[in-house]
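Enquirer: As they're listed, the protein sequences go chains A and B.
The first sequence: position 32 = 33 (the working numbering), numbered continuously.
The second sequence: position 27 = 28 (the working numbering), numbered continuously.
Be careful, since some hints might not be right.
[Stated by the list, open to error] Facing chain A, according to a computed beta carbon distance under 7 Å, are these residues of chain B, among others:
#, residue
1, H7
2, P101
3, N103
4, F116
5, L160
Simulated from the structure, these hints should not be mistaken for lab results.
The beta carbon of each residue, even a glycine, is placed where N, CA and C say it ideally should be.
Single-letter residue listing:
Protein chains: 2
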Amino acid sequence: MTRLIHQPDPLLDLVFERIVDVPQELVWAAWTTPEHLKHWFTPVPWNTVDCEIDLRPGGIFRTVMRSPEGKDFPNVGCYLEIIKNEKLAWTNALGPGYRPSNPSTAEETACGSFFFTAVILLERHQKGTKYTALVIHKDEAGRKQHEEMGFHEGWGKALDQLVAHVKTL
Amino acid sequence: MTRLIHQPDPLLDLVFERIVDVPQELVWAAWTTPEHLKHWFTPVPWNTVDCEIDLRPGGIFRTVMRSPEGKDFPNVGCYLEIIKNEKLAWTNALGPGYRPSNPSTAEETACGSFFFTAVILLERHQKGTKYTALVIHKDEAGRKQHEEMGFHEGWGKALDQLVAHVKTL
Chain A
2 MTRLIHQPDP
12 LLDLVFERIV
22 DVPQELVWAA
32 WTTPEHLKHW
42 FTPVPWNTVD
52 CEIDLRPGGI
62 FRTVMRSPEG
72 KDFPNVGCYL
82 EIIKNEKLAW
92 TNALGPGYRP
102 SNPSTAEETA
112 CGSFFFTAVI
122 LLERHQKGTK
132 YTALVIHKDE
142 AGRKQHEEMG
152 FHEGWGKALD
162 QLVAHVKTL
Chain B
2 MTRLIHQPDP
12 LLDLVFERIV
22 DVPQELVWAA
32 WTTPEHLKHW
42 FTPVPWNTVD
52 CEIDLRPGGI
62 FRTVMRSPEG
72 KDFPNVGCYL
82 EIIKNEKLAW
92 TNALGPGYRP
102 SNPSTAEETA
112 CGSFFFTAVI
122 LLERHQKGTK
132 YTALVIHKDE
142 AGRKQHEEMG
152 FHEGWGKALD
162 QLVAHVKTL
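Only chain A is shown next, with the shape it has when bound in the complex (with noise of 0.2 Å):
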């Protein structure tokens, strides 16, 4: 029935999925903790300088991502559901609260001037952990725009980043 909600439409969604070899506990641990989110959220050479994670409905997920020239791109958002281990999901559409937010605001963020909605899930695997995120947009352009910055290979990176930090653990 959770899954049933994300039918994912090929003109305004992207979907990233892969398995990975560690398990999900890890996987859960470093989107969840700002120790650990720091460490890989940002494909090198940018950087995440800062991260607030307040893990509840509603709560802030804030980031402050430094591009390679030093220049900080803020992003703030809001979780929406928490099922640990299993499915995380927050949006940029609404802030802390679930205040809605300004679309002046986002247009200044490293995301560019468009809303989504992320949901992660993480499944039990036999070689480690299914790991699949939804991007949700509001349109064609959001979609189209998102995809043209590089999202898979952006996502993927990050990936690879997240496997390496949590095998360090």
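Take the given structure of chain A and dock chain B to it, following the hints.
Expert: The following block gives chain B in isolation, referenced to the frame of chain A:
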């Protein structure tokens, strides 16, 4: 903890609070069952002619309001939090499956060109139920527009209709 996430901001938010002499369970039923909701949701002479409720996080909350002149105004949003008999949160900034809403669509709804999140809180009270509605806007203009549309009078009349309706059950 659940309550602390909502700190009303008088510039951005509207709060409606009242004690009603009916039990929490009936107020909850009135908010979460299409057949009940149609009886009270829009102050007469407006009507709610259609209602769709998928009561789970990310599930659709859709209503169609009909003006006295017979014009229909559809509203689509999704549920964010559902704590039976206690808390119901939804927003029109996201559609079903948490897809960010398109502002151009919202402009054509009876709610005007703004997004909001509504949180209904029900608490047991010696006289029945303490009913609190918190409506969260993205900016001051949204709050002002909603207030000038007659927020307090409208929510008051609708609650009168809700109470009258559940007393017939």
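Enquirer: Hint by hint, say whether it matches the structure.
Expert: Results of checking the hints against the structure:
1. A cut of 7 Å between beta carbons decides the hint on H7/B: the least distance to chain A is about 5 Å, and the hint holds.
2. Nearest Cβ of chain A to the Cβ of P101/B: about 4 Å, under the 7 Å cut. The hint holds.
3. For N103/B, the interface hint holds, since its Cβ comes within 7 Å of a Cβ in chain A; the closest pair sits about 5 Å apart.
4. At a threshold of 7 Å, the smallest CB-CB gap from F116/B to chain A is about 4 Å, leaving the interface hint in force.
5. Against a cut-off of 7 Å between C-beta atoms, the interface hint on L160/B is violated, since the closest Cβ of chain A lies about 22 Å away.
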